[in-house]
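Numbered according to the numbering used here, the sequence shown spans residues 291 to 636.
Don't read these hints as lab results, they were simulated from the structure. Fair warning: there could be bad hints in the mix.
What the hints assert, rightly or not - Here are the computed lysine to aspartate or glutamate pairs in the EDC-like style, where the Cα-Cα straight-line distance is at most 20 Å:
| id | residue 1 | residue 2 |
| --- | --- | --- |
| 1 | 462 | 495 |
| 2 | 354 | 388 |
| 3 | 410 | 380 |
| 4 | 341 | 543 |
| 5 | 384 | 625 |
| 6 | 606 | 431 |
| 7 | 384 | 427 |
| 8 | 410 | 472 |
| 9 | 421 | 440 |
| 10 | 410 | 388 |
Computed from a predicted model, the values in this text were never measured in an experiment.
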Amino acid sequence: MASEQIQRSQQSQQPLQQPLAIVSSSGGSAPGSSEKINFKALHVREFSGHKKKVHSVAWNCTGKKLASGSIDQTARIWHVEPHGHSKNKDIELKGHSDSVDQLCWDPRHADLLATASGDKTVRLWDARTGKCSQQVELSGENINITFKPDGTHIAVGNRDDELTIIDVRKFKPLQKRKFAYEVNEIAWNSTGELFFLTTGNGTVEVLSYPSLQTLQTLIGHTAGCYCIAIDPTGRYFAVGSADALVSLWDASEMLCVRTFTKLEWPVRTISISHDGQYLASASEDLFIGIAEVETGRSVHQIPCRAAMNSVEWNPKYNLLAFAADKQVDKYQTDEGVFRIYGFESP
Numbered sequence: 291m292a293s294e295q296i297q298r299s300q301q302s303q304q305p306l307q308q309p310l311a312i313v314s315s316s317g318g319s320a321p322g323s324s325e326k327i328n329f330k331a332l333h334v335r336e337f338s339g340h341k342k343k344v345h346s347v348a349w350n351c352t353g354k355k356l357a358s359g360s361i362d363q364t365a366r367i368w369h370v371e372p373h374g375h376s377k378n379k380d381i382e383l384k385g386h387s388d389s390v391d392q393l394c395w396d397p398r399h400a401d402l403l404a405t406a407s408g409d410k411t412v413r414l415w416d417a418r419t420g421k422c423s424q425q426v427e428l429s430g431e432n433i434n435i436t437f438k439p440d441g442t443h444i445a446v447g448n449r450d451d452e453l454t455i456i457d458v459r460k461f462k463p464l465q466k467r468k469f470a471y472e473v474n475e476i477a478w479n480s481t482g483e484l485f486f487l488t489t490g491n492g493t494v495e496v497l498s499y500p501s502l503q504t505l506q507t508l509i510g511h512t513a514g515c516y517c518i519a520i521d522p523t524g525r526y527f528a529v530g531s532a533d534a535l536v537s538l539w540d541a542s543e544m545l546c547v548r549t550f551t552k553l554e555w556p557v558r559t560i561s562i563s564h565d566g567q568y569l570a571s572a573s574e575d576l577f578i579g580i581a582e583v584e585t586g587r588s589v590h591q592i593p594c595r596a597a598m599n600s601v602e603w604n605p606k607y608n609l610l611a612f613a614a615d616k617q618v619d620k621y622q623t624d625e626g627v628f629r630i631y632g633f634e635s636p
């Protein structure tokens, strides 16, 4: 979740609780797992190329390419070898005239990337050529974008709490809906039949799709809900809030099954791993927390030097990409940088 979404919410939150002790482990697998991850043995690699801070990172469906969007008005696409050492940037995507606040890949096409920008446009890019193949201008500054799981539609949210649905084939708006409350992050469920909005009221609005009619209001938090992550296995979804908690919901029953209480500051960004075993969450705390989804047990923390804007697990491998606000120091050493955790060698 881009930091601008935090800023447009209510006033800056203060720490709401003391952080719990972090339980580190040499392994840490969910029940029934055949693979144990030795978190302590894994390494972080740094990727630099943007001129200003990175707002968003996203993996393509094969897990071999990662896109980054920046306040420098560009997106970049990187080839990432999960078990190799190559980390050279592949291509720069130029054309936006304002910050690229969020981006997402077509879930079924490894080379189609959509970007949302403050310049009011949404663009579709071919990752093989770096060319913009489609674009549409909407009514406001775009801060959220997500693909429907079947790749047919794109949902875009703007600063004015307006939601637009775009037909990918024609690349034209299908419908719009303006909300009377603060809308933060948006997501489809794993089947595309439901659509979720996290709101400044501390709720998750569950809409039917494609009608966008409200089916249910989930009251989950005592402060605004900032971010949402869908479990790739379809069992759960998680919600991060300004109350410093992450709630985990049963996707079929729409019931909260547990909360994660590690962070001390408002939760900015969350992600669930490809096998549904691990939840990553981040805030202005100077670490990213990793916990077991099924037990809530903390298994690792990744140190970081600034507030996080975006974390995202790879859809195939145990790699976690993350991007932060620029480091608060006179050298701004993190400007334009993102990182990936999970490599077996530095």
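Verification of the supplied hints:
1. 462 - 495: Not satisfied, since the Cα-Cα distance of roughly 25 Å exceeds 20 Å.
2. 354 - 388: Measuring from Cα to Cα gives roughly 27 Å; hence the hint is violated.
3. 410 - 380: 26 Å, violated
4. 341 - 543: Roughly 45 Å between the alpha carbons, so the hint for residue 341 and residue 543 is violated.
5. 384 - 625: Distance ~19 Å between residue 384 and residue 625 Cα, so the pair holds.
6. 606 - 431: 32 Å, violated
7. 384 - 427: Status holds; Cα separation ~16 Å.
8. 410 - 472: 19 Å, holds
9. 421 - 440: Outside the cut-off at roughly 23 Å; violated.
10. 410 - 388: 9 Å, holds
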